[in-house]
Every structure is written in structure tokens, then in C-alpha cells.
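There are 2 protein chains.
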Amino acid sequence: MRILLDRQSDASLYQQIYTHFRQGILSGSLPPDTRLPSTRQLARDLGVNRITVETAYGDLEAEGLVASKIGSGTYVLPPSPQLLIPVDEPDGPWPLWQRDLQAQGDLPGKNHLEEAAKSGSHPNPIAFAGGIGDPRLFPVDDYRKVIQAVLRRDGMAALEYGERNGYAPLRATIAHVLASQGITVRPENILVTAGSQQALTLVCQLLLKPGDTILVETPTYAGALDLFRLFHLKIVGIPVDGHGMQVEKLEKILQHQHPKLLYTIPNFHNPTGTCLSTPRRRQLLALADRYNVPILEDDFVGDLRYDGRTQPALKSLDPGGRVIYTSTFSKMLMPGLRVGFLAVEGPVYEGLVNTKRIVDLATSSLHQRAIESYVTVGSYQAHLRRTCQVYRRRRDGMVLAIHRHLPGEVQVDPPQGGLFMWLRLPDSLSTQKLQPLAVEEGVTFTPGHSFFPYSPDGEAYLRLNFAMQPPEAIEEGMRRLGKAIRKAAALPQDHSR
Amino acid sequence: MRILLDRQSDASLYQQIYTHFRQGILSGSLPPDTRLPSTRQLARDLGVNRITVETAYGDLEAEGLVASKIGSGTYVLPPSPQLLIPVDEPDGPWPLWQRDLQAQGDLPGKNHLEEAAKSGSHPNPIAFAGGIGDPRLFPVDDYRKVIQAVLRRDGMAALEYGERNGYAPLRATIAHVLASQGITVRPENILVTAGSQQALTLVCQLLLKPGDTILVETPTYAGALDLFRLFHLKIVGIPVDGHGMQVEKLEKILQHQHPKLLYTIPNFHNPTGTCLSTPRRRQLLALADRYNVPILEDDFVGDLRYDGRTQPALKSLDPGGRVIYTSTFSKMLMPGLRVGFLAVEGPVYEGLVNTKRIVDLATSSLHQRAIESYVTVGSYQAHLRRTCQVYRRRRDGMVLAIHRHLPGEVQVDPPQGGLFMWLRLPDSLSTQKLQPLAVEEGVTFTPGHSFFPYSPDGEAYLRLNFAMQPPEAIEEGMRRLGKAIRKAAALPQDHSR
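These protein sequences, in sequence, are chains Y and P.
So for the first sequence, the numbering used here puts the first residue at 2; every next one is plus one.
So for the second sequence, the numbering used here puts the first residue at 2; every next one is plus one.
Bound-form chain Y, shown alone:
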């Protein structure tokens, strides 16, 4: 017990000890049943006479705050409610460095997605605002059994740090799963990360300095934009059309901006759902090579295709060391597992491994082993087939429901895979105006501004996750959204756009 004693204070040591415990008990920070240190131990810890401690404990007991059980020790009793005091909430004045941090706007912002997920007071809200698949399809019970088996089999090893680039059998499994998708990577070039979000972080940490330029699609993944802002990067956008990033516009930007990294989501792009065409893929790689820019390929749902022709991952077009590829198990399995990976060849690989070790030492070994044990190429493919069937139906259901319930002026281009549907509102409408009305009707979505480097560009757009809700909820949700849009359209025109 480390109690703060002030030997220069006017209060006696006895009083200080008594006050410390009284304060802790009445504020709830020492909850009932907490055992106080023995008087002998505390006297030794604090370097005071044992009688001093005994006197303090005696007074606490007399006040009914603690009870001593013979042969067992002294325990905190539940204090009577009228005596309870609130824990002081320190509220400043904060030191200058904290006030500066706040004043300079150097604190990273709130999460747009979380904000969007707030569902107001509706009794039965329907959410289309998340970034994950349907948790109801995740095999929780199977996974519980696997964890149990792994802990039985591996014991302590499952709870130790493990290899710094990740559990070797899991890296081999990842290589096999990737091979089954046409991507050839050696296990020695795979690094297991805490979700693909950490993979993006590691790449920024290693390759970029504040002020460096990064190229992204506009719009792009909001979590990546948050990250690039956190790293104080200059974000330059390349617009997306129905075939992904408009690569034709790239060369001019490469010549003028000297970017240090190009971040792209070529498959079932977040948020628009589009896929980069194969000719553009080749063109993109050639340009990146010519202008010496690394590509970071985020393939978060690259294998969730429901129809149309497949396109090769950028990584599979890479002769080696040009493309840093990242993906994740979070979308396919359980998001809280926090297991993703990246793959790249060349000296940069070792640099990323060391960066990972330095920023958080290791990724939870237990989940790595459990995933390895649970996922085989066969089981992964089977899970993928089932998931694709379910999500395809939901996508089709949402397209029909949109046509049934939303005004004809709403534009939508149904994606061939992934999780997201990207809607453009009629010109007179903004999501800023729409969102509170939608929440009122009991439906949530992600407003488009989260996905644009310059957020006003996104006011006409919204993103719907079609994978997370069953068909009935999709139908009802679109009905509500339609109602909200009609209500919003009846409002006076919003001149902020």
C-alpha cells in the first residue's frame, strides 16, 4: 500500500492514515470487502510505528467503516449511503500544455462512424451505419471450443509473446488462403497485426513524416483519413468513378505532388463499392513504379464477390516489393479478434516487423492460435461461400427496397460485392439535413462527409451497409429512410451546399 505521508504536515501521521482510508471508503474507491494491509505490513511499508496504524484502524472501526475479522484481517464495510462523498473530479485549471493542446486543435477528432451510429430515442432503430458484416453469421460457439482446445493443447505458450512477426502456423495458413485467391505470398513475408487498421498505422509510422503527401481515392475509408490526419500528412485525393480510381488523372498528380505513398482499396471500395478495372490496375502499377511510389493495397473484403468477373489483386501483379498488401480476419470472422495481416517483400518487411514490435510488442497469441486452428483453406472457402450467398441476397433485397421506397432522384450503383451501397441524394438535399430526420424515423446510415478529405464534398452522399441486417429489417429500414428523405425534401432548401 503506497500511501502519501507528509512528514512536514501539521496533521499527525495517524490522522493522515485515518483520513486516507476514510476518504477512499466514502468515495467508493476502496469498495466493500477490500482487505486493508495488516498493521504490521503497513507500518513497515510506511516506516511508522505499528501503534500509529493500529490507532487509525481502531478509529475507522469505531466509525463503522471497517471490521476486523480475527485471524483474517481488516475489511472495508459498505458505508451508509448518507456518508458517501463523490470522488473529486479534477477539473483544472489544467496545466498549460494541456490547454495549448486543446486550443491548437491538436487533439484528434471524434469518430464520425460512432456519431452516425447514435440512434436517438426511436424504440426499434435499424442500423446501416457499421463497417462490419453480420455478427449473427459468426461462429461463436465453434470459436469458443477452439479457444478451449488451444488453451488445453498449448497452455502457457498461448499466453506468451510469441514470434514477433506472428504465429508461424497462422502465417502459413494465411499464405494458403491467399494462394487459393490467386495471390502468391510466402509466410516469411507476412506480418500478423492487430487488425488491418494497425497494418495501415505501421506503414504510416515507418514510411511517412509529418507534412508528407499521401494519395487516396476520394471518397475513401474514413478510418484511413483519421489516421493520415493523426500523422499530419497532406492528403491528396483522386476521384473515383464506376471503375474505381480514375488512374488517368494520376500521372499529373504524381509529377506535381511527389507523394510518399498511394493508398487504395481496389476491390469493393469503401465507401463506393466499386472495383478498379484490370487495365487501370496495370496502369496504376506501372505509374507507381515509374514515379517510385509505394502502393498500400487495402483488400479488406476483396473475396466477398457476388457476381461479375474477378480481377487480380494488385499484389498478384507485383513483381516484388512494390505493393504492401493488407487484409483482415475481422470482417469474415469476429471483429473483436483484432487479427489482420500485411504482406510485402524486400527490406521494408523487416522494418515493419520491427515497427510492430516497438509500438506494441506483439498481437494476442491466443487469438492467433485459435484462428489458425479454426481456419483451414477448406473451412475458409466454405464460410466464404455461405457468407457470399447471404450477403448477395441482402444486396439484391436492398436494391429492390431502394427502388420501392426511395424517391427516384436518389442515385445508386449496386456493387458486385463487399458490404456497402453508396447513395447520392437529390441536389436539394444534404445528409446534414437528412440525418436527424432519419434518426427520428429509426434508421441510421453513415453520412458521406466522413469519407472525403474535404468533408463538405460529401454532403450529397450516404453509405449503407447492406450486409448487417436481415431482409425484413432492410425492407423496413429503406421504408423509413424513404420517409425521412421525403420529409427532408419538404424542408426549405439548404443553401449550405
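There are no misleading hints in this set.
Heads up, incomplete: computed chain P residues facing chain Y, CB under 10 Å, no partners named:
1) Gly309
2) Leu338
3) Gly347
4) Asp361
The list that follows gives simulated cross-link-like pairs (lysine-lysine, DSS-like), each with its CA atoms no further than 27 Å apart:
5) Y:Lys146 / P:Lys146
6) Y:Lys210 / P:Lys210
7) P:Lys261 / P:Lys235
8) P:Lys235 / P:Lys253
9) Y:Lys235 / P:Lys235
10) Y:Lys261 / P:Lys210
11) P:Lys235 / P:Lys250
12) P:Lys235 / P:Lys210
13) Y:Lys210 / P:Lys235
14) P:Lys210 / P:Lys250
15) P:Lys261 / P:Lys210
16) P:Lys253 / P:Lys210
17) Y:Lys235 / Y:Lys253
18) Y:Lys235 / Y:Lys261
19) P:Lys235 / Y:Lys261
20) Y:Lys235 / Y:Lys250
21) Y:Lys235 / Y:Lys210
22) Y:Lys250 / Y:Lys210
23) P:Lys261 / Y:Lys210
24) Y:Lys250 / Y:Lys261
25) Y:Lys253 / Y:Lys210
26) P:Lys250 / P:Lys261
27) Y:Lys261 / Y:Lys210
28) Y:Lys235 / P:Lys261
29) Y:Lys235 / P:Lys210
These aren't lab readings, by the way, just hints derived from the structure by calculation.
By construction, the Cβ of each residue, glycine as well, lies at the ideal position given by its N, Cα and C atoms.
Starting from the known structure of chain Y, fit chain P onto it as the hints suggest.
Frame of chain Y; chain P shown alone:
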């Protein structure tokens, strides 16, 4: 299946499909029992005629590389060993940006600790080089049961993202455990992190820019130095004596260097094992306040005290928002859990929470729930008492063994707690000379240079972890170390020091 087809190629589509699978099978990237996509599916995926795919599959089957099972699909067979081809190891030429990265020395270095742990060819090496306690004291079986119970109780919720500042009941438990140690923090000011290493990373990420100055003790935790180097900080050291950081030397440095952060390990300092005296603690806080510098208090083993008077944590002297406090469950429980936390009041707290969300979204929810379920103030205190008893004996055993087996010129100042013993070698010796001889004798330690901003300063020192080995191994290990030191001393003098 995303196969790369080149419609401009001289090779026919049939040949390209055939070659893709043949290559994958013979290189092992498509392992035996992998099911190939159905011919119908693959034809659709690739936009080719089904006969094209059937012809390719037929040739693969004729070659004995796959077998089709009626009604089930086409599966990869184990290829005959003489046909196997190695997966191409891409070996460059790497793109220019990778070669630059390497040439400029911008890749973070190897882990000194890992290097030190290499044990050579000795049949039965004894390691004193780790940074954790004894895994044999960790309650693996109990923990397995808790995980099981949590998954049964919480189901899917245990595998989802959870609250962005950490599982609320766990934050309450942490607040109670801290209160039992005399540190008052509200659960609303605690952020759960992926180990305390991530806590350090988040603070750097939010508060520091490349080129900023950070003050540290010299020597200090090697993992923190790696981190500060990764963030391109200017590291300024303040020497440590038997009572911790020499705070008297601080004011001058504060006046001249304008540091943006002061990083300190006031309790059972890593690597020296010393504790900052209470007067110095007050002085340190007053100076940090006067010069407007945030303090990052790393209390990784603050409660592992075996004797001597306790000192208050810096955090408990903080009126609010001056000290960012971090600690971990990794040292007390299992290192692979990767659950640590930080605590601070004021606007900086929200900034750290958002930084955490941006860099990796969340910490594994399952482990947070399991720890919450396993750790109560009572069980924590009991575990702490047992651990302290065991480690105290090991410390005492190591001190005796050092006196018995090491030359009298080796200086050691036994710590009052923690995990580490810090040794100074006789003047004529360096750990560089000693280490290979020690490995030969079958004993490993951490060489001192890992702990100094300017590594040659550490050549006379080495760190021993006394907590991780049972008494017999400590005795034998010191015997071996003594032998290695005597061997090294007989070598010609090392003029590099």
C-alpha cells in the same frame, strides 16, 4: 478465385489457368486437399468459357496433380517430391524507395533483448535476459476456465469491438486496484491499451513531433528508447543514482532543452532497480509544473516491493492532469494478454482515447472481460503477496550467489523490489567481450548498452532478471557467469572502453 489472366498474352487462356494451378500446387502454395473452384464458378469469375476451365482441370488431373471426386469437387493431390519447385523468393532489384529506406538507415533496428536471449549451442542454457516474471507462477488453468465462462456468459459481445476506452467493468476494477495502492483515479480517466508499450506509443503519437526533445533517465527501458528513436525524437538523458533520477540536474536541462515530455520509471527502475526518493518526487513534480512539461510515469512493477518503505506514485501527488500514469497486467499475469492501461485527467485523456481508436480501433475484448472476471482487488492482492514472497527469495538468492560466484570487483546494489539486478563489471571488462563467453558457458543476460541513449555508455553494465528462474537455476547461473567473467578478465584488455 482471383487468377491473373492476360488477354493480350501469347499463352492461351487455357494455358494460363493450367500454369497458374500447376505452379501453385508444385510450389506448395496450394497445399494438398485444397478444393479448386467448380469449373462453372471459375468460368464465371474469370469470364471465360467453361470448356476452357474443364480442359485445364483435365490436364492437371491427367498429370496427377488434382483428383475430381464425383459430386464433391476437384481437390489438390500431394505432388511427388521430385516435381516440387521452390516458391520464388523475390530478391529485387527492389524499387528505389525500398533501397533508399535501407541506405538511409531509416529502418528501425533489431531488438537488443532478443539478440541477448540467443543462447548459442549450450545444451541447458539459463536465461536472465527477459523482461517478464516467471511464467510458471501464472494461473493458466484458472485463466482458461475464466475465458470459457466469459464466452458462455457474453457470447458474441466478447468478440466485438466494445467501448473505445475499454470494457467499463474492467476500468472500474483497475480503479479499485489502484486505490488499494494509494492511487486515486476515476474509471472515466482510464484507457485500456494493448500492454503498457502501446500506452507509451499513444502518448508519443499525440504529444510529440519528430525532432522534439524527450527527457529520460540514463539508463532507461530499452523498449522506450526504441520507441523514441522510431518517433525521431531527440533523447536527453538525466543520470540515475541510488535514489533514482538525479532531479538536482533537471532544472538546468529544462531551461536549455525545452523538452516536450519527461519519461520516468520512479519505482524499481528498469534496468537499475532503484526507487526515486520521496523528496525528489515532489521536486520533480514542482519542476515539471514550473516548466510546463508533462510527465509520463511508467509504473510497470510499482507494487512488487519486497522490503523498505513505500513511496507514493507520482500520480498520487498530481493535483490533476500533470502525470500520465501507465501500468500493465502483463508482468503480474500473462505477458501475451497484452492488456495495459493509462490514466490521466483533462483534455489529453479524450485525445489519447481517440488516438487509440485511430491506430488500432480496439483492444481484444475477450481478454479484457476475462481479466475483469479473474481480477478482484482481493485476488490481485493475494496474487501480489504470493508473487512478492517468491521473488523476494529469488532476489536474496541471487545476491548470495553473486557474492559466492562473481569476482569481488563486480558492483551490485540489490533492489528493494521489481525484477532486475544491475551489475557493473570491473573496469577492464565490457559486456561485448563477456557476452559470447557467457553464452558458451550457458548463461544469458541483457547487456547494458541497450539501456543507454548513447550505447557505448553501457558497456560496463549488465542486467539480470532475478524473478524468472527458480533458486537452483539462479545458483548455477551465477556460477556460470562467474566463470565467464574470469575467462573474459584473462583476455587481453579491451581498449574500446
